Amino acid sequence: MACPIDRHTVDQLVVDHLSLALRVAQRLTNDPDTAEDVVQEALCRVLKQWKSYRGEATFSTWMMQIVVNVDRDRRRRWRKLDELPHELCVSGHAESNEQAAAAELNETIRAVINGLPDRQREVALLCLGEGLNAGDAAYILETTEANVHTCVHLARKRVAEAIGIDYARRK
Amino acid sequence: MYLDNENLPSDESFDDVIRVSLFLGTDEHRLRRLERFWHMQSRRQTRLRQVLIALPLAAAALSAVALGALEWNRHKGAESALAIRNMLPRTNNSDLIDTDTTDRTPIEQSHLAGRPPTGYERFVFAARTSAQISATTMSVTIDEAIIRLRLNPESNAKQMIDSPGFERDFAEVLLLRRLPRSNNEDQRAIVRLLAVCGTPRSTPVLLRLVRQAALREEALRTIEQIVGIENLAELVRNTDDKRVRSALMRRLLTTDTEPALIGYLSLLRDDGTRDEALALAVEMPQIPIATFVGLLDYKEESVRLSAAILLGHLNNAEVTQQLITRLTKKPSDSTEAWMALMACHDELAGRFLAYATERPQLLGHFNTARVRWAQMIP
Numbered sequence: 822m823a824c825p826i827d828r829h830t831v832d833q834l835v836v837d838h839l840s841l842a843l844r845v846a847q848r849l850t851n852d853p854d855t856a857e858d859v860v861q862e863a864l865c866r867v868l869k870q871w872k873s874y875r876g877e878a879t880f881s882t883w884m885m886q887i888v889v890n891v892d893r894d895r896r897r898r899w900r901k902l903d904e905l906p907h908e909l910c911v912s913g914h915a916e917s918n919e920q921a922a923a924a925e926l927n928e929t930i931r932a933v934i935n936g937l938p939d940r941q942r943e944v945a946l947l948c949l950g951e952g953l954n955a956g957d958a959a960y961i962l963e964t965t966e967a968n969v970h971t972c973v974h975l976a977r978k979r980v981a982e983a984i985g986i987d988y989a990r991r992k
Numbered sequence: 014m015y016l017d018n019e020n021l022p023s024d025e026s027f028d029d030v031i032r033v034s035l036f037l038g039t040d041e042h043r044l045r046r047l048e049r050f051w052h053m054q055s056r057r058q059t060r061l062r063q064v065l066i067a068l069p070l071a072a073a074a075l076s077a078v079a080l081g082a083l084e085w086n087r088h089k090g091a092e093s094a095l096a097i098r099n100m101l102p103r104t105n106n107s108d109l110i111d112t113d114t115t116d117r118t119p120i121e122q123s124h125l126a127g128r129p130p131t132g133y134e135r136f137v138f139a140a141r142t143s144a145q146i147s148a149t150t151m152s153v154t155i156d157e158a159i160i161r162l163r164l165n166p167e168s169n170a171k172q173m174i175d176s177p178g179f180e181r182d183f184a185e186v187l188l189l190r191r192l193p194r195s196n197n198e199d200q201r202a203i204v205r206l207l208a209v210c211g212t213p214r215s216t217p218v219l220l221r222l223v224r225q226a227a228l229r230e231e232a233l234r235t236i237e238q239i240v241g242i243e244n245l246a247e248l249v250r251n252t253d254d255k256r257v258r259s260a261l262m263r264r265l266l267t268t269d270t271e272p273a274l275i276g277y278l279s280l281l282r283d284d285g286t287r288d289e290a291l292a293l294a295v296e297m298p299q300i301p302i303a304t305f306v307g308l309l310d311y312k313e314e315s316v317r318l319s320a321a322i323l324l325g326h327l328n329n330a331e332v333t334q335q336l337i338t339r340l341t342k343k344p345s346d347s348t349e350a351w352m353a354l355m356a357c358h359d360e361l362a363g364r365f366l367a368y369a370t371e372r373p374q375l376l377g378h379f380n381t382a383r384v385r386w387a388q389m390i391p
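Taken in order, these protein sequences are the chains called V and G. When the count follows the working numbering, it moves up by one through the first sequence with no breaks and lands on 992 for the last residue. When the count follows the working numbering, it moves up by one through the second sequence with no breaks and lands on 391 for the last residue.
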């Protein structure tokens with residue numbers, strides 16, 4: 822099957838979805854500098870592989886699959902070494918009690934999501950963080966929709982437990 | 014408890030809560046940089062594709078021209094030979110050969126000098142030779158630069174980075190990307206290149222390399238070039254790994270320069286690093302004692318006091334000797350030197366202090382130092 826897009830269209834689509842790619846990379850890596858490196862590597866791969874795009878998913882989904890794969894490769898490479906701790910930069914300080922409580926809630930949820938096993942974390946970041954549907958997430962992560970649904974369910978359950986909600990009683 | 018169990022949310026609103034928590038803004042600056050990167054890589058690939066298409070065509074055209082020229086020459090040669098033969102009178106073949114050999118002037122053969130060429134001769138030969146060293150030989154890619162440095166560690170890394178083919182802006186990113194999957198030799202070459210084009214962004218990765226004994230010296234040298242010797246102390250404070258801290262402190266102590274030692278002394282003023290820094294100074298075989306003694310006269314009091322604490326802690330004969338020399342030459346304005354000597358507990362220091370108590374010209378300074386010492390130690 823021929824490639825459904827030409828080079829000029831690729832150029833345009835990549836620029837259109839660069840922001841999404843950077844956001845996804847930042848979610849996956851928890852570090853803005855590393856995220857930028859991941860996206861750069863992903864862009865190089867897009868240049869090499871764009872002819873293999875067959876149009877079975879949207880271009881942005883296909884591109885996100887590359888970003889996720891670059892991040893997985895990166896993790897594999899550095900797994901043996903002790904990584905220096907990376908902190909997600911959270912700017913601003915909560916001023917009122919309400920803001921402080923909200924910030925604490927956000928922090929707890931982020932910590933729970935970051936503590937999930939790799940697959941569940943990726944699903945949670947894509948479906949809950951970026952709002953992708955199960956089909957797209959399944960394509961990006963090369964898994965089944967059923968598996969994505971299971972992972973989302975587990976992630977919700979873990980978050981609910983962490984913030985003190987009885988998930989079984991929830992509507 | 015963050016949410017009320019009585020008003021339990023539905024899946025959608027619960028997802029909304031999570032989405033809000035995971036909200037991430039877009040960094041416009043990074044985005045623009047990535048866009049630039051994309052356009053640049055895209056253009057480069059287009060050029061490469063054009064070259065790849067043009068190359069076989071050019072080769073084919075060249076071959077065709079060469080073959081045509083060859084054929085034309087052969088044809089032309091045959092024609093002129095025929096014309097000459099027709100112009101010649103009909104003679105015997107043997108006569109023709111004889112005439113030819115007698116008329117020929119001998120070609121003068123050049124003689125060998127019987128010695129190797131001098132420097133001047135080599136220069137003239139090189140200047141007149143048609144083989145030109147192209148400027149493009151310096152336009153190397155990252156991979157070429159790494160290979161060159163690996164094969165010849167004496168190569169000039171700065172010259173490579175500054176060569177026309179090198180895009181300095183992205184060199185660091187590309188080098189950092191290659192670092193984890195390279196072997197030791199390549200990593201060494203990459204670290205040398207980072208010394209030229211690296212920014213503080215490379216520091217965490219280089220600090221990881223400091224843990225490996227084989228690359229430690231190279232990585233430390235590169236870190237020093239990137240952040241400057243005066244900022245190594247700051248890295249010591251921010252590093253959790255004890256081996257890395259120790260290596261950085263050793264670097265500060267062995268670099269016998271004022272900024273390095275002042276940086277090291279700043280570690281003595283920090284509760285978190287003081288014990289480690291003092292223990293390392295005692296362990297080190299070669300300490301630049303003379304420079305530390307010189308720092309007793311530094312304009313900042315904190316530096317003078319730290320130098321006094323260090324020298325007092327070292328407490329060896331050489332320190333005592335140099336402190337006594339210093340005090341004998343300039344007994345006034347030396348409170349810190351007196352304090353350092355008071356911390357030395359060897360016999361020579363004891364004798365000198367006893368001598369000072371009997372000399373009015375020394376006693377005043379000694380007493381000032383004692384009062385100051387008493388104020389410092391509660």
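No lab work stands behind these hints: they were computed from the structure. Predicted model only: the values in this text are computed from it and were never measured. Using N, Cα and C, we set each Cβ at its ideal position, and we do this for glycine too. Heads up, some of the hints might be wrong.
[To be verified] Residues of chain V clear of chain G, computed beta-carbon distances all greater than 12 Å:
hint: 1; residue: Gly876
hint: 2; residue: Asp939
hint: 3; residue: Ala945
hint: 4; residue: Asn968
[Said to hold, decoys possible] Quick list of simulated restraints, FRET-style, between CB atoms:
hint: 5; chain 1: V; residue 1: Arg866; chain 2: G; residue 2: Asn169; range: 32 to 40 Å
hint: 6; chain 1: V; residue 1: His974; chain 2: G; residue 2: Ala292; range: 49 to 57 Å
hint: 7; chain 1: G; residue 1: Glu296; chain 2: V; residue 2: Asn968; range: 50 to 58 Å
hint: 8; chain 1: G; residue 1: Arg46; chain 2: V; residue 2: Gly952; range: 47 to 55 Å
hint: 9; chain 1: G; residue 1: Ala72; chain 2: V; residue 2: Lys869; range: 38 to 46 Å
hint: 10; chain 1: V; residue 1: Lys869; chain 2: G; residue 2: Arg46; range: 34 to 42 Å
hint: 11; chain 1: G; residue 1: Ala72; chain 2: V; residue 2: Thr879; range: 38 to 46 Å
Here's how the hints hold up against the structure:
Once the 12 Å rule is applied to beta carbons, Gly876/V is consistent with being away from chain G; the minimum gap is 21 Å. With 12 Å as the threshold on Cβ separation, the claim that Asp939/V sits away from chain G holds: the shortest Cβ distance comes to roughly 17 Å. Ala945/V, annotated as away from the interface, has a beta carbon of chain G within 12 Å; the closest lies near 8 Å. Against the 12 Å criterion, Asn968/V stays outside the reach of chain G, whose nearest CB is about 18 Å from its own CB.
For Arg866/V paired with Asn169/G, a C-beta distance near 33 Å keeps the hint of 32 to 40 Å intact. His974/V and Ala292/G have their C-beta atoms about 54 Å apart, which keeps the hinted 49 to 57 Å range intact. Judged by the Cβ atoms, the range 50 to 58 Å given for Glu296/G and Asn968/V holds: they are separated by roughly 56 Å. Take Arg46/G and Gly952/V: their Cβ atoms lie about 26 Å apart, and the range 47 to 55 Å is violated.
Take Ala72/G and Lys869/V: their Cβ atoms lie about 25 Å apart, and the range 38 to 46 Å is violated. Checked against the given bound of 34 to 42 Å, the beta carbons of Lys869/V and Arg46/G, roughly 21 Å apart, lie outside it. Restraint check, Ala72/G to Thr879/V: a C-beta distance of roughly 42 Å satisfies the suggested window 38 to 46 Å.
Of the numbered hints listed earlier, those contradicted by the structure are 3, 8, 9, 10.
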